[in-house]
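Take these sequences, add in the hints, and give me the full structure.
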Amino acid sequence: MTGPMASVPFIELSSALVEAMGQRLDAAKPVPEGLLFRTGDGFLYAFLEDPTKVSLDTIRHLFEAGGGVPVHLVVLTPGHLPLALSAEVVGKGGTLVEGPRFAELARQLGLETYLGEEPRAPPREARRLLPSAQQLDGILTRARTWLDWGVPALALRFYRQASDLKPGFLPAKVGVGRSLLALGLVADADRTFDEVLSVRPDDVEARMGKAAVLGARAQPKEEVEIYRTLLAEDEARTEVRAHLLAALVDLGDWKGARVEIEAMLARTPEDPQLRFLHAVALSHTGEKGLADEEREEARRLGLSYERETALCQHLGIAPPPKPEPSAPAVSAEGRLPALRPTRKARPAARPPPRTNRPARAKTSPRPAAKSPVRRRAATNRKRK
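The numbering of the sequence shown is our numbering, which starts it at 1 and goes up by one.
No wet-lab data here; the hints were simulated from the structure. Since this is a predicted model, take the numbers as computed values, not measurements. Backbone N, C-alpha and C fix where the C-beta goes; we use that ideal spot for every residue, glycine too. Some hints here could point you the wrong way.
Here are the simulated lysine to any residue pairs, SDA-like style, with alpha carbons at most 20 angstroms apart [as the list claims (entries may be wrong)]:
(1) Lys288 / Arg267
(2) Lys92 / Pro119
(3) Lys92 / Leu109
(4) Lys166 / Gly22
(5) Lys255 / Arg217
(6) Lys255 / Leu301
(7) Lys166 / Arg24
(8) Lys92 / Asp41
(9) Lys322 / Arg307
(10) Lys255 / Ala266
(11) Lys255 / Cys312
(12) Lys92 / Phe63
(13) Lys166 / Val186
(14) Lys210 / Ala246
(15) Lys166 / Trp149
(16) Lys53 / Gln23
(17) Lys166 / Lys210
(18) Lys53 / Val8
(19) Lys288 / Val259
(20) Lys53 / His80
(21) Lys92 / Val71
(22) Lys92 / Met5
(23) Lys53 / Gly22
(24) Lys322 / Thr309
(25) Lys166 / Arg38
(26) Lys166 / Glu205
Pairwise CB distance ranges (calculated) [said to hold, decoys possible]:
(27) Glu12 / His61: 22 to 30 angstroms
(28) Glu235 / Glu104: 33 to 41 angstroms
(29) Thr52 / Glu225: 23 to 31 angstroms
(30) Ser55 / Asp250: 14 to 22 angstroms
Here it is in structure tokens:
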């Protein structure tokens, strides 16, 4: 790696981000593209200022920076990596935080001034909490946000920060387990869920985590059994039913999946994604006509072409055909409206040209010629 170093403002922002996340650093190293931070839990945070100056070799060197020890790479950049480089990061199990999400991370951590922005006002509901509770609530909100956004590396960082702030806080511990599982660290996640269950054996979130561990270990039938047990205890747990549905789909049990989908549709009949899944389940259970109707209903309820395509790719089925461009509107008589040229505006009437000639007096129009009968009557009157 050669060339000029990263700018001072970017180095200051990167250092502030790491400090605000409460990272325990093993080493920090400046590189031409930015800064590298290695943490004690095996993560390598690479802050890259200008992604246009990053090469494929740079990304590959980052994965080898552990010196034979596996590292979990997290690349953070205010720009956007080229597609080939981002595919390399994600394909090798790394995490990518770029563009607007990089800026959002800085805002979440109260570092708006580094972006040239005014600090955010705290949420109204947070103002009523004690400072310690407010801090914990903010950390957990960030953790859940990043896990929902599919960035478990940052979610793990914030869940661990919450656990350090309040030791023994089980929701944060469960979040740590979910983040580890999303990162593919199945054994670590399993141990974390066991720690929660040793304190609270009936913790539903930890039991769901154990079920997900079984799924990750290619034991989907055992995973399904745990979800069914949880539903038998409380049928109102929609999150358990959603996980059961996902496990049944992965298992290829569309008959069982259809039962769960219809149970969920009874509560939310206008959910377009559920309607789409119902259509797929109907198709797999031999009711193609109803499946086509249900798929059209999902589109009517707002399922976009892009989302439908993504769901098809996830399920391994053929994507929908691309929608045709919308046709011109048809009139009430059933005919297309005539295409008329745009009318040009008529020029304003010009005033008559001025001359030095005197204006002519207006003359009355010449009377119409009289008919022969009326002419003779007039002559007779004169004679009299």
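Results for each hint:
As the CA atoms of Lys288 and Arg267 are separated by approximately 24 angstroms, the hinted pair breaks the 20 angstroms bound. Simply put, Lys92 and Pro119 have alpha-carbon atoms about 36 angstroms apart, too far for the 20 angstroms limit, and the pair is violated. Simply put, Lys92 and Leu109 have alpha-carbon atoms about 28 angstroms apart, too far for the 20 angstroms limit, and the pair is violated. Annotation: proposed proximity of Lys166 to Gly22 holds, straight-line Cα distance about 14 angstroms (limit 20 angstroms).
With a C-alpha separation of about 24 angstroms, the suggested pair Lys255 and Arg217 falls outside the 20 angstroms cut-off, and the hint is violated. Among the hinted pairs, Lys255 with Leu301 is inconsistent with the structure: their alpha-carbon atoms are about 24 angstroms apart, more than 20 angstroms. Using a Cα cut-off of 20 angstroms, the hinted pair Lys166 and Arg24 holds, with the two alpha carbons roughly 17 angstroms apart. Distance check on the hinted pair: Lys92 and Asp41 sit about 18 angstroms apart at the alpha-carbon level, within 20 angstroms; holds.
Between the alpha carbons of Lys322 and Arg307 the distance comes to roughly 12 angstroms, so the proposed pair stays at or under 20 angstroms and holds. For the proposed pair Lys255 and Ala266, the alpha carbon gap of about 17 angstroms is at most 20 angstroms, so the pair holds. Taken as a hint, the Lys255 and Cys312 pair is honoured in the structure, with Cα atoms around 18 angstroms apart against an allowance of 20 angstroms. Of the supplied pair hints, the one linking Lys92 and Phe63 holds, its CA atoms being roughly 8 angstroms apart against a limit of 20 angstroms.
Of the supplied pair hints, the one linking Lys166 and Val186 is violated, its CA atoms being roughly 25 angstroms apart against a limit of 20 angstroms. A distance of roughly 15 angstroms separates the Cα atoms of Lys210 and Ala246; the hinted pair therefore holds under the 20 angstroms criterion. With a C-alpha separation of about 25 angstroms, the suggested pairing of Lys166 with Trp149 is violated against the 20 angstroms cut-off. The straight-line distance between the Cα atoms of Lys53 and Gln23 is roughly 27 angstroms, outside the 20 angstroms bound, and the hint therefore fails.
The suggested pairing of Lys166 with Lys210 is violated, with an alpha-carbon distance near 23 angstroms, which exceeds 20 angstroms. Taking the CA atoms of Lys53 and Val8, the gap is about 17 angstroms. The hint holds against a cut of 20 angstroms. This hinted pair checks out: Lys288 and Val259 have alpha carbons roughly 17 angstroms apart, not beyond 20 angstroms. The hinted pair formed by Lys53 and His80 meets the criterion: a straight-line CA distance of about 11 angstroms does not exceed 20 angstroms.
For the given pair, Lys92 sits about 11 angstroms from Val71 by alpha-carbon distance, which is consistent with the 20 angstroms threshold. Pair hint Lys92 plus Met5 does not hold up; C-alpha atoms about 27 angstroms apart against a cutoff of 20 angstroms. A threshold of 20 angstroms between alpha carbons decides the hint, and for Lys53 with Gly22 the separation of about 29 angstroms lies outside it, so the pair is violated. The straight-line distance between the Cα atoms of Lys322 and Thr309 is roughly 10 angstroms, inside the 20 angstroms bound, and the hint therefore holds.
Restraint check: the Cα-Cα separation between Lys166 and Arg38 comes to about 24 angstroms, which exceeds 20 angstroms; the hinted pair is violated. With a CA separation close to 19 angstroms, the supplied pair Lys166 and Glu205 stays within the 20 angstroms bound. At roughly 24 angstroms, the beta carbons of Glu12 and His61 sit within the given window of 22 to 30 angstroms. For Glu235 and Glu104, the Cβ-Cβ distance of about 37 angstroms falls inside the hinted range of 33 to 41 angstroms, so the restraint holds.
The hint said 23 to 31 angstroms for the Cβ distance between Thr52 and Glu225, and at roughly 51 angstroms that hint is violated. Checked against the hint of 14 to 22 angstroms, the pair Ser55 and Asp250 fails, with Cβ atoms roughly 38 angstroms apart.
Going down the numbered hints, you'll see the structure goes against 1, 2, 3, 5, 6, 13, 15, 16, 17, 22, 23, 25, 29 and 30, while the others check out.
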